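A.B. asks: Just so you know, the sequences run in chain order A and B.
Sequential numbering of the first sequence, starting at 1, is according to my numbering.
Sequential numbering of the second sequence, starting at 1, is according to my numbering.
Hints were generated in silico from the structure; no laboratory data involved.
Treat the numbers as computed from the prediction; the structure is a model and nothing was measured.
Treat the hints with care, since some could be wrong.
Pairs count within a copy or across copies, as identical chains cannot be separated in the list.
[As the list claims (entries may be wrong)] DSS-like, lysine-lysine: derived pairs with alpha carbons at most 30 Å apart:
hint, residue 1, residue 2
1, Lys108, Lys50
2, Lys50, Lys178
3, Lys386, Lys446
4, Lys50, Lys119
5, Lys208, Lys97
6, Lys459, Lys166
7, Lys50, Lys4
8, Lys493, Lys50
9, Lys446, Lys166
10, Lys70, Lys108
11, Lys4, Lys108
Chain by chain, the residues:
There are 2 protein chains.
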Amino acid sequence: MSDKFRRLQTLLGEIADFSAASSLLHWDQQTYMPPGGAEARAMQISTLQKTVHQRFTSDEIGRLLDDLEKELAGADYDSFEASLVRVTRREYTRLRKIPAELVARLAKATALGHMAWEKARETSDFAVFQPHLEEIVDLTVQKAEALGYQDRIYDALLDEFEPEMKTAQVEALFEEMKEGLIPLVRAIADRQGAVDDAFLRQEFDEDKQWEFGIEVITRLGFDFQRGRQDTAAHPFTTSFSTGDVRLTTRLFRNNLLPALFGSIHEAGHGMYEQGIDRSLERTPLCNGASLSVHESQSRMWENIVGRSRGFWAFWLPRLQEYFPQLEGVSLDAFYRAINRVEPSFIRVEADEVTYNLHIFLRFEVENLLVEGKVRVADLPELWNAKMEEYLGIRPGNDAEGVLQDVHWSGGMIGYFPTYSLGNLLAAQFYNRAVADHPDIPAQIEKGEFGTLLQWMREKIHKEGAKYTPTELVERVTGGPMRTEPFLTYIREKYAQIYGF
Amino acid sequence: MSDKFRRLQTLLGEIADFSAASSLLHWDQQTYMPPGGAEARAMQISTLQKTVHQRFTSDEIGRLLDDLEKELAGADYDSFEASLVRVTRREYTRLRKIPAELVARLAKATALGHMAWEKARETSDFAVFQPHLEEIVDLTVQKAEALGYQDRIYDALLDEFEPEMKTAQVEALFEEMKEGLIPLVRAIADRQGAVDDAFLRQEFDEDKQWEFGIEVITRLGFDFQRGRQDTAAHPFTTSFSTGDVRLTTRLFRNNLLPALFGSIHEAGHGMYEQGIDRSLERTPLCNGASLSVHESQSRMWENIVGRSRGFWAFWLPRLQEYFPQLEGVSLDAFYRAINRVEPSFIRVEADEVTYNLHIFLRFEVENLLVEGKVRVADLPELWNAKMEEYLGIRPGNDAEGVLQDVHWSGGMIGYFPTYSLGNLLAAQFYNRAVADHPDIPAQIEKGEFGTLLQWMREKIHKEGAKYTPTELVERVTGGPMRTEPFLTYIREKYAQIYGF
Numbered sequence: 001m002s003d004k005f006r007r008l009q010t011l012l013g014e015i016a017d018f019s020a021a022s023s024l025l026h027w028d029q030q031t032y033m034p035p036g037g038a039e040a041r042a043m044q045i046s047t048l049q050k051t052v053h054q055r056f057t058s059d060e061i062g063r064l065l066d067d068l069e070k071e072l073a074g075a076d077y078d079s080f081e082a083s084l085v086r087v088t089r090r091e092y093t094r095l096r097k098i099p100a101e102l103v104a105r106l107a108k109a110t111a112l113g114h115m116a117w118e119k120a121r122e123t124s125d126f127a128v129f130q131p132h133l134e135e136i137v138d139l140t141v142q143k144a145e146a147l148g149y150q151d152r153i154y155d156a157l158l159d160e161f162e163p164e165m166k167t168a169q170v171e172a173l174f175e176e177m178k179e180g181l182i183p184l185v186r187a188i189a190d191r192q193g194a195v196d197d198a199f200l201r202q203e204f205d206e207d208k209q210w211e212f213g214i215e216v217i218t219r220l221g222f223d224f225q226r227g228r229q230d231t232a233a234h235p236f237t238t239s240f241s242t243g244d245v246r247l248t249t250r251l252f253r254n255n256l257l258p259a260l261f262g263s264i265h266e267a268g269h270g271m272y273e274q275g276i277d278r279s280l281e282r283t284p285l286c287n288g289a290s291l292s293v294h295e296s297q298s299r300m301w302e303n304i305v306g307r308s309r310g311f312w313a314f315w316l317p318r319l320q321e322y323f324p325q326l327e328g329v330s331l332d333a334f335y336r337a338i339n340r341v342e343p344s345f346i347r348v349e350a351d352e353v354t355y356n357l358h359i360f361l362r363f364e365v366e367n368l369l370v371e372g373k374v375r376v377a378d379l380p381e382l383w384n385a386k387m388e389e390y391l392g393i394r395p396g397n398d399a400e401g402v403l404q405d406v407h408w409s410g411g412m413i414g415y416f417p418t419y420s421l422g423n424l425l426a427a428q429f430y431n432r433a434v435a436d437h438p439d440i441p442a443q444i445e446k447g448e449f450g451t452l453l454q455w456m457r458e459k460i461h462k463e464g465a466k467y468t469p470t471e472l473v474e475r476v477t478g479g480p481m482r483t484e485p486f487l488t489y490i491r492e493k494y495a496q497i498y499g500f
Numbered sequence: 001m002s003d004k005f006r007r008l009q010t011l012l013g014e015i016a017d018f019s020a021a022s023s024l025l026h027w028d029q030q031t032y033m034p035p036g037g038a039e040a041r042a043m044q045i046s047t048l049q050k051t052v053h054q055r056f057t058s059d060e061i062g063r064l065l066d067d068l069e070k071e072l073a074g075a076d077y078d079s080f081e082a083s084l085v086r087v088t089r090r091e092y093t094r095l096r097k098i099p100a101e102l103v104a105r106l107a108k109a110t111a112l113g114h115m116a117w118e119k120a121r122e123t124s125d126f127a128v129f130q131p132h133l134e135e136i137v138d139l140t141v142q143k144a145e146a147l148g149y150q151d152r153i154y155d156a157l158l159d160e161f162e163p164e165m166k167t168a169q170v171e172a173l174f175e176e177m178k179e180g181l182i183p184l185v186r187a188i189a190d191r192q193g194a195v196d197d198a199f200l201r202q203e204f205d206e207d208k209q210w211e212f213g214i215e216v217i218t219r220l221g222f223d224f225q226r227g228r229q230d231t232a233a234h235p236f237t238t239s240f241s242t243g244d245v246r247l248t249t250r251l252f253r254n255n256l257l258p259a260l261f262g263s264i265h266e267a268g269h270g271m272y273e274q275g276i277d278r279s280l281e282r283t284p285l286c287n288g289a290s291l292s293v294h295e296s297q298s299r300m301w302e303n304i305v306g307r308s309r310g311f312w313a314f315w316l317p318r319l320q321e322y323f324p325q326l327e328g329v330s331l332d333a334f335y336r337a338i339n340r341v342e343p344s345f346i347r348v349e350a351d352e353v354t355y356n357l358h359i360f361l362r363f364e365v366e367n368l369l370v371e372g373k374v375r376v377a378d379l380p381e382l383w384n385a386k387m388e389e390y391l392g393i394r395p396g397n398d399a400e401g402v403l404q405d406v407h408w409s410g411g412m413i414g415y416f417p418t419y420s421l422g423n424l425l426a427a428q429f430y431n432r433a434v435a436d437h438p439d440i441p442a443q444i445e446k447g448e449f450g451t452l453l454q455w456m457r458e459k460i461h462k463e464g465a466k467y468t469p470t471e472l473v474e475r476v477t478g479g480p481m482r483t484e485p486f487l488t489y490i491r492e493k494y495a496q497i498y499g500f
């Protein structure tokens, strides 16, 4: 390895250290920080993030990339060296286009915006958030213009979360999803009452919920020597190295499901992070390939595995040991209950089928916003109208409507579609794993998850961010991202449950 | 305020942010980090600390200090501006003397040294630690030479922890302490058996210990809106702002005292940090005045207040509600038990009287080491000989001898004497507070601690690091640090307990 490559590694390693410190500041803020720490914490995170940005976009990194691209011309595309230079260049090019002053203004606007959003949601008062969101949208549009785009302004934003994905591609995929999902939601609506989940609305001791969740995700393969789980109001996963991956979950005494499926979901993210090859540590390659690929892992474990009948063939008896009040519940009844479909206001609480409709709505609204086709002031009404259109229900207030999600307050416009793209990839990856190992479903029924996890590790996790999502999906599935596997999975599953 | 002053504040603010992030990385390492995070964490802390050092010693800070010293010539010594420039200059001058290469070598040596020390202590094998300590001592001597000194090489090291304090001063104070303490230890040894603490060696539910500790320190005045307590193997206090101060403690099922007095001790440090004026945040003034002043606060609350009869007149009945097995224990018996004096091997478990003998030993050994008068290889024997001399007992192995403390593995040579100096200041400050408010002892008997805390806040806490310890002690007590108040306190207390 050349001196220049080593120098690039040193610089990126230090940037990774700052980034990890910033992530820890954020994790602590969401888990253990006392209220009095908030103000100073905002400054600390801001300073660390500013440093990461400044260092990553330094002239020295630019010169090293120029030199190393020449030096490595003809190097194996898959090699560590070529991949590191390629991925660093992509991120460098993107970040250099955003003026430092705009970065600072966005940081400030989102810091204030986040506080205003919290207050607005608490009091369900959109007016409190509106001026902040107006500024955030305005600055985000400036950012998109600075980044540049060929077709749609949204392309520039989407690219941050889903490299190289285009808005038009998302639209095409979402149209196919709608064609499959909307009739399904209607068919299910006609059979409301076919699924009873009343037994889930009991009291469940929170400590026992916690223990059961830990037992489940340990068995799935989350390694507690290289990670931990804590509680947080808004669950998330973060990592400070592949040896230190932090999950969070939340517990409700009168509802078993959020903690359980939340833990499995976050463990899906966590196992991805734990599975990245250690040789990629302290580089920009030590990340997921994209948000949709990340979400494919969380949603596969949560939904395709965790909400399957086979999974509960193994786990229900164990769950009944923790909670004897569930003793009379049959496997079939339990399976149906945890898959009950019902239009609801809150995205994060939505079932597997209607969840995507929440995403379509947000994706459309975001496009209208950044294209200047709708004003921030008109968002609540637009939101509610689209909720009626897609889900047939109208939020009673903005807290359960347009104010429910944290993303916009943090300037994360362009993020939402990756959730639904993750659903598509979950089905594609799972199907491919089962094609390679047809005994995976039988193993799941026996509480064995090693073959499935190992397949994901080998094909996806260990590569980190070496490949774009397009490249990775092609390598893993032999073709592009597509809707058919997900739609087939969801149609068959719910036709069986709802009997049509 | 001038642009230059504002620029200095900006630079120091960012350094404070890096420093806080580094402290959080350390806190997390000691409290929640899974084992797999250790390696990456060491790199993260190292990068952050390197950045703090580089930025603090930058030429720009030097130029700003030059200019601001002229600009502020004649400014009020006590003003924020003059204090910030003065304290920053002192630290800048000190740090600039240490070559960056030596800083890096010390960082590496102590990182490896700490790991070796942990292993050595675990297996009680000094040989494992010896080569590391040799290098650390060698580099520390180089550091001291780089820093420079007039009289004793130890002066250069002591100054880091106790600004402007000289080795000869410490020796003089310690000689006086020895004259008072050694006869006292002998007199007590003659009356072994006069104090019975058998009832403290029962089982005490750890959750209840935790709750009682929280109740006590809350009532003392530790603000849980601006801090928290967690468990750690080696308790410590750290803070990331005056609004976010973290205590740690440890619980033993068969011993009530470590968690209880540990919590009070750390809360003493914590209340100091919480009491620093908020206007000093994100500057080098947002610190304790020195380690001895910091220790004066922890030891005053732990010993002078927490081990007093009056304190337990209020708290014993409450403790008995938590632990009914203590119901038959009289106030007198309890007070005597928690003040039982017995020579022991481990400093952190030592009683109030013999504790200082552990410090004298370390202080003497450190001086011999850095003056080249003893070789690292000869330390175990020297240690054991001094234990016999001071305490009349000989460690059975090095884990309970020379390997017991973490300090040297981290390069903290010059730190130990501040513990005993803290004992002196605790008595001086407490006496002064009682002179100003003679009803403080009566208040303590009623479980009221506000007057005492408020006095400490006003006189000591709020000033942060504006004054050197010498200046502060002069301002607060009207004279220099001295041994008489501590020796009188300790003689009277233990003469009464042991009846001579």
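A.B. asks: Within, between, both or neither: how does the pair Lys493, Lys50 come out at a Cα-Cα threshold of 30 Å?
C.D. replies: neither (47 Å within a copy, 56 Å between copies)
A.B. asks: Which holds for Lys4 with Lys108 at a C-alpha limit of 30 Å: within a copy, between copies, both or neither?
C.D. replies: Between copies only: 23 Å across, 35 Å inside.
A.B. asks: Indicate which option fits the pair Lys50, Lys178 if close means a Cα-Cα distance not exceeding 30 Å: within, between, both or neither.
C.D. replies: Neither: 40 Å inside a copy, 54 Å across copies.
A.B. asks: Classify it for me, Lys70 with Lys108: is the Cα-Cα distance of at most 30 Å met within a copy, between copies, both or neither?
C.D. replies: neither (39 Å within a copy, 35 Å between copies)
A.B. asks: I want to check one pair: Lys459 and Lys166. Are their C-alpha atoms no more than 30 Å apart within a copy, between two copies, both, or neither?
C.D. replies: Within. Shortest intra-copy distance 24 Å satisfies the 30 Å Cα cut-off; inter-copy 64 Å does not.
A.B. asks: Could you place Lys50 and Lys4 in one of the four classes (within, between, both, neither) given a Cα distance threshold of 30 Å?
C.D. replies: both (25 Å within a copy, 22 Å between copies)
A.B. asks: Under a CA distance limit of 30 Å, which applies to Lys208 and Lys97: within one copy, between copies, both, or neither?
C.D. replies: For Lys208 and Lys97, neither the intra-copy (51 Å) nor the inter-copy (57 Å) Cα distance is at most 30 Å.
A.B. asks: How would you label the pair Lys446, Lys166 (within, between, both, or neither) given a Cα cut-off of 30 Å?
C.D. replies: neither (41 Å within a copy, 71 Å between copies)
A.B. asks: My question is about Lys108 and Lys50: at a cut-off of 30 Å on alpha-carbon distance, are they close within one copy, between copies, both, or neither?
C.D. replies: both (11 Å within a copy, 27 Å between copies)
A.B. asks: Given a CA cutoff of 30 Å, do Lys50 and Lys119 count as a within-copy pair, a between-copy pair, both, or neither?
C.D. replies: Intra 26 Å, inter 39 Å, cutoff 30 Å: intra-copy only.
A.B. asks: Are the CA atoms of Lys386 and Lys446 at most 30 Å apart within a copy, between copies, both, or neither?
C.D. replies: neither (43 Å within a copy, 64 Å between copies)
The structure fails to meet hints 2, 3, 5, 8, 9 and 10 from the earlier list, while all remaining hints are met.
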